[in-house]
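Work out the full structure: start from the sequences and follow the hints.
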Amino acid sequence: MLSVAPKSAYDSRIADVLGPFQRRIEAMPPGTCPITVQLMLLETGGAQTCGKCVPCRDGIPQLAALMRSVLNCEADESTLDTMRQLAQMVKDTSDCAIGYEAGKMVLEGLDAFAEEYQSHVQNKMCAEGVGQTVPCETKCPAHVNIPAYIGLVLEGDCEGAVKMIRKNNPWPTACALICEHPCEARCRRTLIDAPLNIRGIKKYAVDNAPADTVPVPKRLPDSGRKVAVVGGGPSGLTCAYYLALMGHQVTVYEGRKKLGGMMRYGIPAYRFPRERIDQDIRAILSVGGIDVRYESIIDDVEMARLSYDYDAIYVAVGAQGGKSLKLDGVDANGVMSAVQLLERIGDGDYPDFSGKKVVVIGGGNVAMDCARTSVRAGAEEVTVAYRRRIEDMTALHEEIEGAMSEGVEFMTLQSPLRIEKDEDGNVAALICQPQYIGAVKRGRPAPVDANKPTLRLEADIILIAVGQDIHSAPFEKFGMKAERTRFIADENLRAEGFENIFVGGDCQTGPKSAIMAIGAGKVAARNIDEYLGFHHKLDPEVEVPKARPNVREAYGRVNIVERPARERGRDFDHIEIPLCEEEIMQECSRCLRCDAFGCGVLEGGRVQYV
1 MLSVAPKSAY DSRIADVLGP FQRRIEAMPP GTCPITVQLM LLETGGAQTC
51 GKCVPCRDGI PQLAALMRSV LNCEADESTL DTMRQLAQMV KDTSDCAIGY
101 EAGKMVLEGL DAFAEEYQSH VQNKMCAEGV GQTVPCETKC PAHVNIPAYI
151 GLVLEGDCEG AVKMIRKNNP WPTACALICE HPCEARCRRT LIDAPLNIRG
201 IKKYAVDNAP ADTVPVPKRL PDSGRKVAVV GGGPSGLTCA YYLALMGHQV
251 TVYEGRKKLG GMMRYGIPAY RFPRERIDQD IRAILSVGGI DVRYESIIDD
301 VEMARLSYDY DAIYVAVGAQ GGKSLKLDGV DANGVMSAVQ LLERIGDGDY
351 PDFSGKKVVV IGGGNVAMDC ARTSVRAGAE EVTVAYRRRI EDMTALHEEI
401 EGAMSEGVEF MTLQSPLRIE KDEDGNVAAL ICQPQYIGAV KRGRPAPVDA
451 NKPTLRLEAD IILIAVGQDI HSAPFEKFGM KAERTRFIAD ENLRAEGFEN
501 IFVGGDCQTG PKSAIMAIGA GKVAARNIDE YLGFHHKLDP EVEVPKARPN
551 VREAYGRVNI VERPARERGR DFDHIEIPLC EEEIMQECSR CLRCDAFGCG
601 VLEGGRVQYV
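Following my numbering, the numbering of the sequence shown begins with 1 at its first residue and continues without gaps.
Treat the hints with care, as some may be off.
Said to hold, decoys possible - Straight-line distance between alpha carbons at most 25 Å, and here's what the computed DSS-like set of lysine-lysine pairs gives:
{"id": "1", "residue 1": "Lys356", "residue 2": "Lys323"}
{"id": "2", "residue 1": "Lys357", "residue 2": "Lys323"}
{"id": "3", "residue 1": "Lys91", "residue 2": "Lys323"}
{"id": "4", "residue 1": "Lys91", "residue 2": "Lys441"}
{"id": "5", "residue 1": "Lys323", "residue 2": "Lys512"}
{"id": "6", "residue 1": "Lys139", "residue 2": "Lys477"}
These are calculated hints, taken from the structure and not from any lab test.
Computed from a predicted model, the values in this text were never measured in an experiment.
Structural data, given as C-alpha cells:
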C-alpha cells in the first residue's frame with residue numbers, strides 16, 4: 001500500500017535545525033578569517049553529498065583536509081597547487097550541483113582570498129586586519145558605539161544616547177529617520193531570533209531628546225588654523241562639526257539657499273521632515289567657529305583663492321546632477337530627472353500632478369521617492385518601469401512595499417525604448433521593450449530583449465531616476481584629478497597631487513548613502529587635524545552604561561510601522577508612527593552587548609576613532 005508519510009522521518013526535524021543554521025550564516029562576524037568560512041561551507045557541502053559520484057563523495061573531504069592544513073598553518077605552496085587541481089577536477093566531473101558548486105567555491109576562494117592563503121602558508125598567521133570585531137559598530141561606516149547608546153536608552157537616558165551617537169556622527173536625527181542601517185546586517189542577536197531594530201532605537205532617542213535640545217561638547221581652544229569646507233551636505237557639515245570642536249575656524253561654502261545637501265534636496269519630507277533635518281543642523285552650528293556662506297558657487301578661480309587663504313580644504317560637493325537616458329523623445333515636455341523634482345521639493349516648491357499619469361524609470365530608492373511623491377502630488381496613476389525584476393531592485397524592501405501599498409504599479413522586465421510625443425511636443429507615452437531575465441553578470445541577473453510586442457505606457461510626466469552625476473569639471477580645471485567625474489583620493493581622503501586638499505562623500509565614491517558620506521566627513525576631519533599638526537581627542541561627555549546580563553529567550557523583533565497608506569498617501573507628513581516605551585525597552589533588552597560580553601573586550605575588537 002502507498003503511504004502519505006514522508007520517506008524520511010527526519011526531514012521535518014532537519015528543517016527545524018536548518019533555521020538556526022541559516023541564522024548563524026547571516027550573523028557571520030565581521031573580520032572572520034575567510035579560510036574558516038570556506039572550510040565551514042565546504043564541510044557543509046560534504047555533508048550534503050549522496051555518495052553516488054566519486055568526485056563529490058571523496059573529493060570534497062580531501063579538499064576539506066587540505067584546507068584545514070592551510071588554516072592550521074601546516075601547509076606549503078604545493079598544498080595550494082594540489083587544492084586548485086583537485087577543486088578543478090571536482091568542479092568539472094561531479095554529477096550534480098552539490099559537487100561542482102563546492103569545487104567552484106574553492107577555486108573562487110583561492111583567487112578572492114589569495115593574500116590570506118599566502119599569509120597562512122608563508123607567515124603562518126592570518127593577514128593583518130583579520131579578527132572579529134563588534135558587528136554593529138564595524139558595519140556602521142561612522143563606527144558609532146551602538147551598544148553604548150542602546151544601553152543608555154535602556155537606562156532611560158535618551159539625552160546621553162544622543163551625546164554618545166554624536167561622538168562619531170553629528171546627524172543622530174538624520175540617521176534615525178533615513179539611514180539604510182547597515183549596522184543591523186550582522187547583528188549577533190540574529191543567532192537567537194532576529195537582528196535588533198537599531199534604527200528604531202535611535203529614532204526613539206531623538207524623538208524624546210531632540211538633537212537641538214541636547215548640548216554639544218565644549219569646543220576646544222582656538223587653534224589659529226582655518227579650514228574651508230566646500231559643500232554643506234552630510235559629509236561637509238560632519239567634517240566642519242568635528243574640525244570646529246577641535247578648535248579650528250571653519251568656513252562652509254554652500255551653493256544652495258539652505259544646508260543639508262541631498263538629505264534636504266534628495267529626500268522627500270514624508271521620509272525626512274524639514275524641521276527634523278534643521279534640528280541636526282542647528283546642533284552642528286551651535287558648536288561655534290563655523291561660518292556659512294550660502295549660494296557660493298566654487299569654480300577653479302575660487303578654488304585657487306581658497307587654497308591660498310586657508311590651511312586646508314575639504315571638498316564634499318556630493319552627486320547632485322541627475323543622469324538621463326539616450327532615448328528618442330527624451331527632450332519632450334514633461335520629462336524631467338528625479339533630481340530636478342526632488343530639488344524643487346527641497347526648496348518647498350511642491351508639484352501638482354493632479355489628474356496626471358506619471359511613469360518613473362528606475363528601481364532604486366530615488367525612484368521610489370519619486371513614485372511616492374507623485375502619489376502625494378495628486379497623480380491619477382503612477383507606474384514604475386524597471387528593466388529587471390522586483391527582487392533585483394536596489395531600493396530597500398520597505399520602500400518598495402510602501403510604494404505598492406500607496407497604489408504605485410510596478411511594470412518590471414520593461415526596458416525603456418523611446419518616448420512618444422504628441423503634436424505639441426508633450427509627453428504622450430513611454431514605449432518599452434519587454435525583457436526576460438538571463439545569466440548573472442556582475443552579481444545580478446542581466447535582462448535580455450524578449451521576443452514580445454513593445455509595451456506602451458501612457459504618460460503625462462516621465463521621471464528619470466537612473467542615477468546621479470558629479471559636477472567635477474570646475475575642480476578638474478583647478479587641477480584636481482577625477483576618474484569618470486569622481487575625484488581621485490587615497491585611503492586618507494587626500495586629493496591626488498595635493499597636500500592640503502581632501503575630498504570625500506558621494507563626489508569621491510559615487511552616489512552612496514548618507515551614513516557613508518558622514519563616515520567620510522569624520523575621517524577627513526581627523527586627517528585634516530593631523531595634517532595641521534594636531535591630534536585632538538574629543539570627549540562625548542557621557543559614560544558607557546554597565547551591561548546587563550544577556551536576555552537569551554527568543555523574542556520577536558519590534559518593527560516601526562507606518563500610517564495607513566490611504567491616509568499617508570495624501571500628504572507629505574512623516575509616515576512613521578513612533579515606538580512606545582514598552583516596545584523600545586523590550587528591543588533594547590535584546591542587545592547582547594558584544595562590547596562587554598563578546599569580542600569587544602579583546603584588543604582590536606572595537607573600531608573607534610575621533
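Query raised in the report: Keeping to a limit of 25 Å between CA atoms, is the pair of Lys357 and Lys323 held or broken?
Result: Given that 25 Å is the threshold and the Cα spacing comes to 22 Å, the pair holds.
Q) Within 25 Å, alpha carbon to alpha carbon, are Lys323 and Lys512? A) Within the cut-off at roughly 15 Å; holds.
Lys356 and Lys323 were given as a pair; does the straight-line alpha-carbon distance stay at or below 25 Å? Given that 25 Å is the threshold and the Cα spacing comes to 23 Å, the pair holds.
- Item | Satisfaction of hint between Lys323 and Lys91, Cα-Cα up to 25 Å | violated, 42 Å
- Does Lys441 lie within 25 Å of Lys91 when you go C-alpha to C-alpha? holds, 20 Å
Is Lys139 within 25 Å of Lys477, Cα to Cα? With a Cα-Cα distance of about 36 Å, the restraint between Lys139 and Lys477 is violated, given a limit of 25 Å.
In this structure, the hints that do not hold are numbers 3 and 6, in rising order.
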